[in-house]
Amino acid sequence: MSYISLSQKDKKEMLERIGVSSVEELFRSIPDDLKIKNRLDVPDPLTEPELSRWMDEIARQNSYHEFLSFLGAGAYSHVIPSVVDYLSSRGEFISPYTPYQPEVSQGTLQIIFEFQTLICQLTGMDIANASLYDGASGAAEAVLMANRIKSKPKVLVAKSVHPQYREVIQTYTQNLDISVEEIEYSDRGEVDIGNLKAKLDEGTSAVVTQSPNFFGIIEKLDMISALAHERQALSIVVVAEPVSLGILEAPGRLGADIVTGEGQSFGLSVSYGGPYLGFMACCKESVRQFPGRIAGETEDVDGKRGFVATLSTREQFIRRERATSNICTNQAWCALRATIFLELLGKQGMRELASQNLQKANYALDQITKIAGITPRFQGVCFNEFVLEFEKPWTEIEEFLLEKGVIGGLSVVEAFPELENCALLCVTESHRKEDIDRLVALLKEVCS
Amino acid sequence: MKKVIHEPLIFEISGEGKNGYVLPKLDVPLKDNILEDIPSRKEIEGFPEVSEVEVVRHFTRLSQTNYCIDLGFYPLGSCTMKYNPKINEKLAFKKEWLLSHPHASEKWTQGSLQILKMAEELLKNITGMDAFTLQPSAGAQGEFVGMLMIRACLEERGNPRKIVLIPDSAHGTNPSSAHICGYRIQEIKSNERGTVDVADLAEHMTEDVAALMVTNPNTLGVFETDIKKITDIVHTKGGLVYMDGANMNALIGMCKPGDMGIDVIHLNLHKTFSTPHGGGGPGSGPVGVTKELEPYLPFPVIEKEDGILSLNHMRPKSIGRVRSFYGNFLVIVKAVAYILSLGATGLKEIAEIAVLNSNYLRKNLEDDYDLKYLTPTLHECVFSDKIQKQFGVTNIDIAKRLIDYGLHPPTMSFPLIVQGALMVEPTETESKKDLDRFIEAMKQIAQEAKEDPELLKNAPHGSYVRRLDETSAARNPVLRWRRSPDE
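Chains A and B supply the protein sequences, listed in that same order.
Position 349, counted from 1, in the first sequence is what this note's numbering calls 353; the numbers after and before it change by one each time, with no gaps.
Position 181, counted from 1, in the second sequence is what this note's numbering calls 183; the numbers after and before it change by one each time, with no gaps.
Hints should not be assumed to be uniformly reliable.
Unchecked claim - Cross-link-like lysine to any residue pairs, in silico, SDA-like; alpha carbons within 20 Å at most: (1) Lys27(B) x Asp441(A); (2) Lys156(A) x Leu180(A); (3) Lys374(A) x Val30(B); (4) Lys41(A) x Gly345(B); (5) Lys96(B) x Trp58(A); (6) Lys452(B) x Ile398(B); (7) Lys434(B) x Glu20(A); (8) Lys154(A) x Ala230(A); (9) Lys163(A) x Asp191(A); (10) Lys126(B) x Glu294(B); (11) Lys156(A) x Gln178(A); (12) Lys230(B) x Ser33(A); (13) Lys96(B) x Arg64(A); (14) Lys88(B) x Tyr90(A); (15) Lys445(B) x Asp372(B); (16) Lys308(A) x Leu11(B); (17) Lys350(B) x Ile40(A); (18) Lys92(B) x Glu61(A); (19) Lys97(B) x Val410(A); (20) Lys350(B) x Pro49(A); (21) Lys306(B) x Gln65(A); (22) Lys27(B) x Arg436(A); (23) Lys88(B) x Glu54(A); (24) Lys448(A) x Asp370(A); (25) Lys239(B) x Glu294(B); (26) Lys306(B) x Ala63(A); (27) Lys126(B) x Asp45(A); (28) Lys374(B) x Ser33(A); (29) Lys13(A) x Lys435(B); (30) Lys434(B) x Ile22(A); (31) Lys20(B) x Ser86(A); (32) Lys126(B) x Gln116(B); (33) Lys88(B) x Ile8(A); (34) Lys191(B) x Thr377(B); (35) Lys41(A) x Gly263(B); (36) Lys191(B) x Phe321(A); (37) Lys350(B) x Asp14(A); (38) Lys97(B) x Val87(A).
FYI, nobody ran anything at the bench for these hints, they're computed from the structure.
Excised from the complex, chain A in its bound form (with noise of 0.2 Å):
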């Protein structure tokens, strides 16, 4: 296949006009020893038929979409309405670059302000950005800004914190003068408190605590944000499954002073990992110290409602190192299906949708736990995740249930030495009563 639009007389022509003799000559500037001398060692091309077939043989390969599946742990399966993908699908949102021309990038521009209301009444916070990578990433972003405003090295991350968001801050810090320490996770799978009290102290620029966390539990946002704020830290709440938010309180209202999260439950598949959708919130004092894009509402020379890119003087192709962030790039496209998929719920889908998964996963502890050998982990209070602890060996009961069809949870043991034989399950509104009492059932066999 080639996507060329020139024909042999036009490329003749052109040459011409330039006043050359051929396409060679153009690159006279790349010195001969640099040239290739063969062809590329890439496959011969392939038609729209070919291409399919190849692709269609190799996705056979991937055979989990057949299992009834309990895997959650920062990528949900969520509904997604059939508006999300047809709106989505437009060449006027997937073709566009970045909005660098707002006269003619209004869409856009208009979208990116109503993702940050959205993101803005669901945290509770005062401003958010247009969208950041993924939630891991926003996680070492925030702890950047939070280090920026408070200048002070040490930085508390919850061990209830997504482990990969853990290794991902260790990454973004590992060069810079932050010295992070985890705190550890009490028996009902909360921040212990007693160990957040002794770490905390005037040189911790942020504590970090992600709600519901890891483990699924719903962290004492509260009390944590005021333990940090009477040592002058930042409190950083992570939302890895935001759903929680259309039931639980805004983490805004519960002290949080930066709030920042994975928003692929919003309208995103989960897609082997990615492309996912990073989101970040702060409150109006921090705007200065704040990464990403942002959109603005403004006037045109009529007095028209228009929206812009604005606050540039954060940001990288201004202000270069001293930028408060590399980012240029970010998931707009993500956030578009996020948009559409928040504002077609709307405010009563967003409540039914978070109570369905909190009554969900609530009836499938509540009955999973019931059968002998089967005790649950920790015991706080779970929105749609919960670890639960065997007395036979993981290994045996998850090869049991793969044998009928069932991806049953997920091993945390390797990023939880001490959780052996326990795994983590995921139950959202996408799980009928008959699939969570298919799992039960199984259960119950392998268990007795």
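Put chain B on the given structure of chain A with help from the hints.
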């Protein structure tokens, strides 16, 4: 057909009790005390309430106010706005990809892993690098990953060093990315050709310098002809060379960065490899490295044993994890599809035609617009508003007037070494007719600048909104909708 006159914010068309989507009824027994000790809320205050058709019309109308590559010529320099083949979209949206959970066992995701492995191999062959990571979500994250690897490598050699050299023509992400790796930036001056001043580089290249970040061809569209000399100077002093591959569209199939002495390079799949830019992302910024730097790749890395692919997290020298999971997978699927559909000959044709198109534009416009550097260019060239300035017309006025001609303006925010820059990159997918239309518009605008500068200063005239007040947007920021000022 009437144009869209004014599309309200969704919050302004919201009405109590309306609903755009209905979930199946809750089918488990309701337990009403789950959250009794947890702060919860009754509703998300201010959230919209609209019907499905209202949502569909809202977004469809907004779409009509966007310019896009499907609509026409989009010559944003260094952004490589080429056509995005539709088959790639279709192939990325297969249920086997969409429904594949990133925590699923490798047994059930061999297909996904094969795509990733395939992408690595193809990019290695195209660039001549020894190993790749596909994890970076965009070019800037690629730069960050690449510079972290350079630092890790130098640390192991005994000294991470302090300084990173960056030419004054570079994109702003370069200094910003090096900075968060703990480096201080020193700028290298461009010479009268617009390329790296080798003498200036040699002078700055001390044993305190960790790396040079070079863009090739640079943001002027000029190939760094002395690239071998440049990389030698850096290597002799024990430094490493990072190449920003944003402009790889000019080189693909013609030469390989691996042959130039480049140690680390990032590519932009959303530029060279045609994955759509989505109004600002998602992109993908794979990073290629030499053998020496391979141990420092972010984890996980894909490995193959007995024909089975797996993800290895046990990499003691790795710089760590840079994002959740394994990269922007669906974007990578599209890039693989693109490369395979073009094949070796088609890939080389990209560079050939991109360079032909760009030189054709340059030739036709060089009498009307100033070119600060007369050096031959490849895939893009940078004009300036120097001639038009004498009539009081700036690059911004020229850009806004182009909108009236139904065309997207060029890049203006950089390179900083050209005042009033108009950076034009046509890409290989554009027809002669479209190029001629752009040339004609630019020539007319040059004429208008002389005869009627006010026409340009008040442009655009026919767009959905006219020129917007960006100054007051920044001075009195309104960054979200509120029901009332005191909400």
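Ascending list of hint numbers which this structure does not respect: none
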